[in-house]
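Q: Sequence:
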Amino acid sequence: MLQVENLVAGYPSGGRVLKGATFDVAKGEVVALLGRNGMGKTTLMRALAGQLATQGGSFRLDGRELGNCPSYVIANEGIGYVPQGREIFKDFTVEENLLMGVLGKPRLPNRLPPDIYDFFPVLGERRRQKAGTMSGGQQQQLAIMRCLVGQPKLLLLDEPSEGIQPSIVDEIGRTLQAIARSTGLTILVVEQNLDFVETLAGRALFMENGVIADRADRIGQLRERPELVHRYLSI
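Going by the UniProt record's numbering, the sequence shown opens with residue 1, and the numbers climb by one from there.
If you are wondering where the hints come from, they were derived from the structure by calculation, not from laboratory data. Note that the structure is predicted; figures quoted are calculated from it, not measured. Accuracy of the hints is not assured; some may be wrong.
Straight line, CA to CA, 20 Å or less: simulated SDA-like cross-link-like pairs of lysine to any residue [what the hints assert, rightly or not]:
# : residue 1 : residue 2
1 : 153       : 72
2 : 27        : 218
3 : 90        : 137
4 : 27        : 179
Pair by pair, the computed Cβ-Cβ distance ranges are [unchecked claim]:
# : residue 1 : residue 2 : range
5 : 132       : 213       : 38 to 48 Å
6 : 218       : 167       : 38 to 48 Å
7 : 130       : 223       : 36 to 46 Å
8 : 114       : 153       : 18 to 28 Å
By construction, the Cβ of each residue, glycine as well, lies at the ideal position given by its N, Cα and C atoms.
Please construct the entire structure, taking both the sequences and the accompanying hints into account.
A: Here it is in structure tokens:
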């Protein structure tokens with residue numbers, strides 16, 4: 001599914017942040033990307049989504065090289081991205097936000113599927129409501145569902161639990177797990193909340209100084225090998 005090899009990326013003002021990240025994610029896997037702030041996790045997600053140019057290495061989805069392709073090409077190839085902070089259209093209604101997830105996708109009709117609200121029913125109840133008036137948890141549900149209506153093969157999630165009450169975090173985790181199991185959706189999630197990670201992911205990668213420095217091949221190793229958490233997440 002996703003193959004990342006020696007990926008290098010950064011910013012004009014800050015130099016290289018990714019310094020040769022290498023990893024694979026198989027179809028249907030849910031993989032957590034863990035690490036302290038400033039280690040390159042969001043930079044990696046932005047590079048994979050086409051929002052940041054790569055400076056070396058490569059990444060492929062289903063064998064197709066996508067490094068430095070425009071973001072719309074990457075989206076049409078099947079990579080969906082929910083950034084940190086959600087970035088919904090606050091003055092649009094819930095339904096209008098969801099429609100933005102299918103517009104411009106040549107392989108999809110410009111309308112919402114009839115079962116769109118099954119996973120997060122609260123969005124159906126509020127479909128005529130302006131998105132900016134909803135709670136942070138509901139806005140996160142909307143951001144995730146707006147991405148999912150585009151039918152991505154790979155979903156990139158950056159800190160989906162940030163600033164959300166625990167009950168909504170649990171609901172999002174259970175729903176994403178159900179979607180992944182029923183559809184075969186592949187997920188790469190950046191997260192600091194280990195309880196959420198253990199609910200959702202099957203394994204974890206640890207990022208340090210712009211590279212994948214270690215991994216937990218089973219998510220249970222986060223408990224079995226506390227030295228991993230201490231080394232890569234403790235401040």
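Q: State for each hint whether it applies.
A: Verification of the supplied hints:
For a cut-off of 20 Å, the pair hint linking residue 153 to residue 72 stands: about 15 Å separates their Cα positions. Distance hint between residue 27 and residue 218 is fulfilled; the C-alpha atoms sit about 16 Å from each other, no more than 20 Å. Distance check on the hinted pair: residue 90 and residue 137 sit about 14 Å apart at the alpha-carbon level, within 20 Å; holds. The straight-line distance between the Cα atoms of residue 27 and residue 179 is roughly 14 Å, inside the 20 Å bound, and the hint therefore holds.
Separation of residue 132 from residue 213 is about 39 Å and conforms to the stated range, judged on CB atoms against 38 to 48 Å. Take residue 218 and residue 167: their Cβ atoms lie about 27 Å apart, and the range 38 to 48 Å is violated. Residue 130 and residue 223 have their C-beta atoms about 42 Å apart, which keeps the hinted 36 to 46 Å range intact. Under the hint 18 to 28 Å, the C-beta atoms of residue 114 and residue 153, about 22 Å apart, fit the expected range.
This entry does not satisfy hint 6, going by the numbered hints stated previously; all others are met.
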